[in-house]
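Residues in the sequence shown are numbered from 1 upward in steps of one, following this note's numbering.
Calculated directly from the structure, the hints in this document are not laboratory data.
Treat the hints with care, as some may be off.
Unchecked claim - Here are the computed lysine to aspartate or glutamate pairs in the EDC-like style, where the Cα-Cα straight-line distance is at most 16 Å:
1. LYS163 to GLU179
2. LYS139 to GLU254
3. LYS229 to ASP156
4. LYS163 to GLU223
5. LYS139 to GLU208
6. LYS229 to ASP66
7. LYS246 to GLU208
8. LYS71 to GLU179
9. LYS140 to ASP156
10. LYS136 to GLU208
11. LYS29 to ASP47
12. LYS157 to ASP178
13. LYS26 to ASP66
14. LYS157 to GLU254
15. LYS140 to GLU208
16. LYS96 to ASP66
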Amino acid sequence: MKKTISILVMFIAFLSFASAQMTSTKSLKSAIDNNSVICIDARSAGDYNVSHIKGAINIDVMTLCDGNSMKSPSTMASIFAANGVSKNSAIVIYCKTGLRAGRMYFILKYMGATNVKCLHGNMAGWVAGRKPVTNKATKKSGGSFSAGSNSSMVCDKAYVQSKMGSASTVIVDTRSADEYGAGHVDGAINIPYTYFNNPETKLKSSGELTALFNGKGVTSSKEVILYCKTSSSASYAWFILHELLKYPNVKVFEGGYSAW
Numbered sequence: 001m002k003k004t005i006s007i008l009v010m011f012i013a014f015l016s017f018a019s020a021q022m023t024s025t026k027s028l029k030s031a032i033d034n035n036s037v038i039c040i041d042a043r044s045a046g047d048y049n050v051s052h053i054k055g056a057i058n059i060d061v062m063t064l065c066d067g068n069s070m071k072s073p074s075t076m077a078s079i080f081a082a083n084g085v086s087k088n089s090a091i092v093i094y095c096k097t098g099l100r101a102g103r104m105y106f107i108l109k110y111m112g113a114t115n116v117k118c119l120h121g122n123m124a125g126w127v128a129g130r131k132p133v134t135n136k137a138t139k140k141s142g143g144s145f146s147a148g149s150n151s152s153m154v155c156d157k158a159y160v161q162s163k164m165g166s167a168s169t170v171i172v173d174t175r176s177a178d179e180y181g182a183g184h185v186d187g188a189i190n191i192p193y194t195y196f197n198n199p200e201t202k203l204k205s206s207g208e209l210t211a212l213f214n215g216k217g218v219t220s221s222k223e224v225i226l227y228c229k230t231s232s233s234a235s236y237a238w239f240i241l242h243e244l245l246k247y248p249n250v251k252v253f254e255g256g257y258s259a260w
């Protein structure tokens with residue numbers, strides 16, 4: 001009964017985010033069966049090797065980063081191509097909590113990928129839906145991914161400094177309250193990434209997320225600059241704000257507080 005209720009709640013939550021940026025476990029299962037999608041598990045190789053979605057390849061999102069920032073576009077393009085991912089591939093990403101999937105989504109869009117979605121509910125949702133899992137790796141190769149970048153999605157320290165005190169810009173620290181309390185960019189507000197999810201549905205509904213951000217003064221009329229430590233939770237917040245809630249002007253401060 002508990003599992004049935006959990007699946008129902010997840011389905012209702014998915015309906016609030018029925019968009020081009022997210023997909024359901026049912027749709028992903030069908031696409032995998034039809035060999036019409038590349039499903040990327042963005043978790044570590046260790047987690048992938050224990051159990052993963054049958055048919056998913058593994059690209060640990062951290063292999064695309066040097067420290068707290070993305071590697072060069074050419075290096076990331078080579079990694080994607082070596083794993084059978086092309087710029088025009090239909091791609092669905094998942095992880096455990098949404099953070100790694102959000103970061104992978106951000107990187108792929110930054111690189112110019114045109115058809116990318118995240119799996120609503122991630123691995124837990126797949127398992128709750130009793131979809132097939134395995135510990136046998138899926139390997140793909142022969143992708144074609146030209147290097148590219150969308151500079152409007154990111155900003156650097158100098159840009160953040162130029163926006164400090166601006167009434168039309170809000171700077172958001174997505175780290176934990178403890179990390180924020182230990183030191184943060186002057187003027188930044190704190191919205192911890194843990195507020196984005198709930199235990200049942202993982203990602204909260206669009207109404208809940210809109211209320212969360214608006215309640216902190218993060219409205220769609222403002223430019224939003226996001227940062228954290230590794231850019232993972234900031235990228236997840238970018239996915240929510242820009243892709244799901246349709247905020248028009250959102251950037252990630254690459255390098256985050258470590259660069260600050």
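Outcome of the hint check:
Our distance criterion of 16 Å between C-alpha atoms is broken by LYS163 and GLU179, whose separation comes to about 22 Å. This hinted pair does not check out: LYS139 and GLU254 have alpha carbons roughly 30 Å apart, beyond 16 Å. Annotation: proposed proximity of LYS229 to ASP156 holds, straight-line Cα distance about 14 Å (limit 16 Å). Under the criterion of a C-alpha separation no larger than 16 Å, the hint pairing LYS163 with GLU223 is consistent with the structure, at around 9 Å.
Of the supplied pair hints, the one linking LYS139 and GLU208 is violated, its CA atoms being roughly 38 Å apart against a limit of 16 Å. Among the hinted pairs, LYS229 with ASP66 is consistent with the structure: their alpha-carbon atoms are about 13 Å apart, no more than 16 Å. Between the alpha carbons of LYS246 and GLU208 the distance comes to roughly 15 Å, so the proposed pair stays at or under 16 Å and holds. In summary, the hint linking LYS71 to GLU179 is not supported, as the alpha carbons are separated by about 25 Å, beyond the 16 Å threshold.
Among the hinted pairs, LYS140 with ASP156 is inconsistent with the structure: their alpha-carbon atoms are about 35 Å apart, more than 16 Å. A distance of roughly 38 Å separates the Cα atoms of LYS136 and GLU208; the hinted pair therefore is violated under the 16 Å criterion. Straight-line distance between C-alpha atoms of LYS29 and ASP47 comes to about 20 Å, which puts the hinted pair past the 16 Å bound. Taking the CA atoms of LYS157 and ASP178, the gap is near 22 Å; set against the 16 Å cutoff, the hint is violated.
Straight-line distance between C-alpha atoms of LYS26 and ASP66 comes to about 35 Å, which puts the hinted pair past the 16 Å bound. The straight-line distance between the Cα atoms of LYS157 and GLU254 is roughly 8 Å, inside the 16 Å bound, and the hint therefore holds. Between LYS140 and GLU208 the CA atoms are separated by roughly 38 Å; this puts the pair beyond 16 Å, and the hint is violated. Using a Cα cut-off of 16 Å, the hinted pair LYS96 and ASP66 is violated, with the two alpha carbons roughly 22 Å apart.
In the structure shown, a violation is registered for the earlier hints numbered 1, 2, 5, 8, 9, 10, 11, 12, 13, 15, 16, in ascending order.
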